[in-house]
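> Spelled out, the chains give:
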Amino acid sequence: MVTSPAPLLEAEGIVRRYGERTVLDVDHLVVERGEVLAIVGPNGAGKSTVFRILLLLERPDAGEIRLDGRVVRPGDARARGRLAGVFQRPALFTGTVRDNVAFGLRATGVGGAARTERVDAALDWLDLSALAGRPVHTLSGGEAQRVALARALVIEPQILLLDEPTSSLDVSVRRRFRQDLERVARQRAGSVVLVTHDALEAFGLADRIVVMDEGRIAQVATPDEIMLRPGTPFVAELTGAELLLQGTIEALDDGLAAVRISPDVVLWAAVRDARALTAGAAAVAAYRPEDIVLAAAAGAAATSAINRLAARVEAIVPVGALTRVRIRTADGIVLTALLTRRSVDALSISAGSAVTAHMKATALHAWARETHRL
Amino acid sequence: MDLFIESLREAVRLLLRGDRYVLEVVLLSLRVSGTAVLLGVALGLPVGIAVGLRQFRGRGLVIALIHTGFALPPVVVGLFVYMMLSRAGPAGQLEMLFTPAAMVVAQAVLAAPYVAGISLAAVQAVPGDIRLQASALGASPLLALWMHLREARLGIGAAVVAGFGAVISEVGAVMMVGGNIAGETRVMTTAIVLETRRGNFATAFAMGLILLALAFAVNAALTRAQQGRTLAAERRTW
Numbered sequence: 088m089v090t091s092p093a094p095l096l097e098a099e100g101i102v103r104r105y106g107e108r109t110v111l112d113v114d115h116l117v118v119e120r121g122e123v124l125a126i127v128g129p130n131g132a133g134k135s136t137v138f139r140i141l142l143l144l145e146r147p148d149a150g151e152i153r154l155d156g157r158v159v160r161p162g163d164a165r166a167r168g169r170l171a172g173v174f175q176r177p178a179l180f181t182g183t184v185r186d187n188v189a190f191g192l193r194a195t196g197v198g199g200a201a202r203t204e205r206v207d208a209a210l211d212w213l214d215l216s217a218l219a220g221r222p223v224h225t226l227s228g229g230e231a232q233r234v235a236l237a238r239a240l241v242i243e244p245q246i247l248l249l250d251e252p253t254s255s256l257d258v259s260v261r262r263r264f265r266q267d268l269e270r271v272a273r274q275r276a277g278s279v280v281l282v283t284h285d286a287l288e289a290f291g292l293a294d295r296i297v298v299m300d301e302g303r304i305a306q307v308a309t310p311d312e313i314m315l316r317p318g319t320p321f322v323a324e325l326t327g328a329e330l331l332l333q334g335t336i337e338a339l340d341d342g343l344a345a346v347r348i349s350p351d352v353v354l355w356a357a358v359r360d361a362r363a364l365t366a367g368a369a370a371v372a373a374y375r376p377e378d379i380v381l382a383a384a385a386g387a388a389a390t391s392a393i394n395r396l397a398a399r400v401e402a403i404v405p406v407g408a409l410t411r412v413r414i415r416t417a418d419g420i421v422l423t424a425l426l427t428r429r430s431v432d433a434l435s436i437s438a439g440s441a442v443t444a445h446m447k448a449t450a451l452h453a454w455a456r457e458t459h460r461l
Numbered sequence: 002m003d004l005f006i007e008s009l010r011e012a013v014r015l016l017l018r019g020d021r022y023v024l025e026v027v028l029l030s031l032r033v034s035g036t037a038v039l040l041g042v043a044l045g046l047p048v049g050i051a052v053g054l055r056q057f058r059g060r061g062l063v064i065a066l067i068h069t070g071f072a073l074p075p076v077v078v079g080l081f082v083y084m085m086l087s088r089a090g091p092a093g094q095l096e097m098l099f100t101p102a103a104m105v106v107a108q109a110v111l112a113a114p115y116v117a118g119i120s121l122a123a124v125q126a127v128p129g130d131i132r133l134q135a136s137a138l139g140a141s142p143l144l145a146l147w148m149h150l151r152e153a154r155l156g157i158g159a160a161v162v163a164g165f166g167a168v169i170s171e172v173g174a175v176m177m178v179g180g181n182i183a184g185e186t187r188v189m190t191t192a193i194v195l196e197t198r199r200g201n202f203a204t205a206f207a208m209g210l211i212l213l214a215l216a217f218a219v220n221a222a223l224t225r226a227q228q229g230r231t232l233a234a235e236r237r238t239w
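Protein chains in written order, with our numbering: chain A, 88 to 461; chain B, 2 to 239.
Chain A on its own, in the form it takes in the complex (with noise of 0.2 Å):
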């Protein structure tokens, strides 16, 4: 019998409470070898701690890490200096730039000419050769961030873990360090794991993202498959999605549902699970505001939308590059559609304006009201 390799990280019935509080409940959660695994969601919802505990820096009340297979705990001499830890403070000691990335290797006995090649190369990958020799507090954040970085990098840990790494820099630094991140990470580390509660940075970064909600997993599974077909209300309006709370299923058929949002309006919505739905129970749905098509009223917008809604402009509000368009139905749903400034200018549309919307059954999805938390 042919038995397959052990994951490279396996984390299995994790608990972690503090006082009667449980803050974190994992039954599974792998790494690959290879893979860049994001873990994503807002505060509190439980991914620093397992953070600490996959880095195997805190203990968890129940369940066990393996590694390649065998169980490891904290301070496991075994597991020293194949993981590697990057924190949302840099948290650098005392001392240059060598010293700080040179830790590791030292921490892991590895000395003499070895030690100062590796740190060279490190040094190298992330431009930081010619800060070698500065003290670490004349360091701006951005260049102590990535000083952190090559600390953890110059150990080549087989699994490479962040905590929010760029939440502490600005916009441009931010950039940098995430184009260093992808580029150095990859070829480094193992695998890596990537906590931030910003869904676009672990869309831009991951192979698999791994969205958290109140210490549990909600859902995993690669950038598109969330952004496609998200598992539950949490996972859409986390990734950007716009929620209709107050559905009603009127029928089901092959996939999709036929969703009452009010007396007047029926949309269809593609379904996860459909075994879990029945006609009349109720339901959320979740649009993207950049799937609606919207269409000035006469015209005919170039779509085969099978969601049609008419309704009349009640604000337009820019967003960057962007513009939010909120739009009323006669009935009172409000819905908003993300357009370029350039559709906005070619529909003429100003406050008041009336407006079809229309939208792919596919682009909205539905689930049974308990899988929401109200």
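It is worth saying that the hints were derived from the structure and are not from the lab. Predicted model, so just to flag it, every value in this text is computed and none were measured. Beta carbons: idealized from backbone N, C-alpha and C, even for Gly. A few of these clues could be false.
Claimed, not checked - The following label-pair restraints were derived from C-beta to C-beta distances:
id, chain 1, residue 1, chain 2, residue 2, range
1, A, Glu99, B, Gly129, 43 to 51 Å
2, B, Pro128, A, Asp285, 53 to 61 Å
3, B, Ala126, A, Arg157, 32 to 40 Å
4, A, Leu409, B, Ala126, 41 to 49 Å
What the hints assert, rightly or not - Sample of chain B residues at the chain A side, in silico, Cβ under 8 Å:
id, residue
5, Ala43
6, Asp130
7, Leu138
8, Thr224
Could you slot chain B onto chain A? The hints should help.
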């Protein structure tokens, strides 16, 4: 005013000449207080580190007790050590009373709370993620602890200096357990008391100057450590 100027002039002359009596007293003071601080560090530093790093029930009370130690009256410590070491006391058979060893014990008791209290604050001020970060880079628990203490080193240095400053200038405890015996247990503070009573103002002044210089050095070191810590805290704001 002439008395002051004349005494000061004579004191400087004694110091420059390296007066044997003055020198002996100064050296014994440094030896006694230096040893006492080492002992105080051995007692106080582990307590400071442990309380600074750990959260436990009653921690606030322990910290309050340590801080109360800052205000321990030297004569009360002197009395306590005297009773311990007196013939009838539990440690009477050691026959330490009126020896430099007894003075070291009394001053160590005075120094330990300073060392514990100030090192506690220094250890506590280091962000906890330094230790976690070291562990997250493969450090053993001991090395991770060392990295944390290393970040607190200025404050720990300040704790040692403050302990020395507290004991070098105290008179009550050493007077009681040392007895101010010439050539044996006479230190600067007890000598100043005696020489002033005898009217030897110049000798008292000479030792007073040395004490002032030491006090200045101690405070300069503390200020430096404090400034360093402020800088370090600023650095951590990013």
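> Now, for every hint given, state plainly whether the structure supports it.
Hints and how they fare:
{"no.": "1", "hint": "A:Glu99 with B:Gly129: 43 to 51 Å", "result": "28 Å, violated"}
{"no.": "2", "hint": "B:Pro128 with A:Asp285: 53 to 61 Å", "result": "23 Å, violated"}
{"no.": "3", "hint": "B:Ala126 with A:Arg157: 32 to 40 Å", "result": "39 Å, holds"}
{"no.": "4", "hint": "A:Leu409 with B:Ala126: 41 to 49 Å", "result": "46 Å, holds"}
{"no.": "5", "hint": "Ala43", "result": "25 Å, violated"}
{"no.": "6", "hint": "Asp130", "result": "5 Å, holds"}
{"no.": "7", "hint": "Leu138", "result": "4 Å, holds"}
{"no.": "8", "hint": "Thr224", "result": "20 Å, violated"}
In summary, the numbered hints that this structure violates are 1, 2, 5 and 8.
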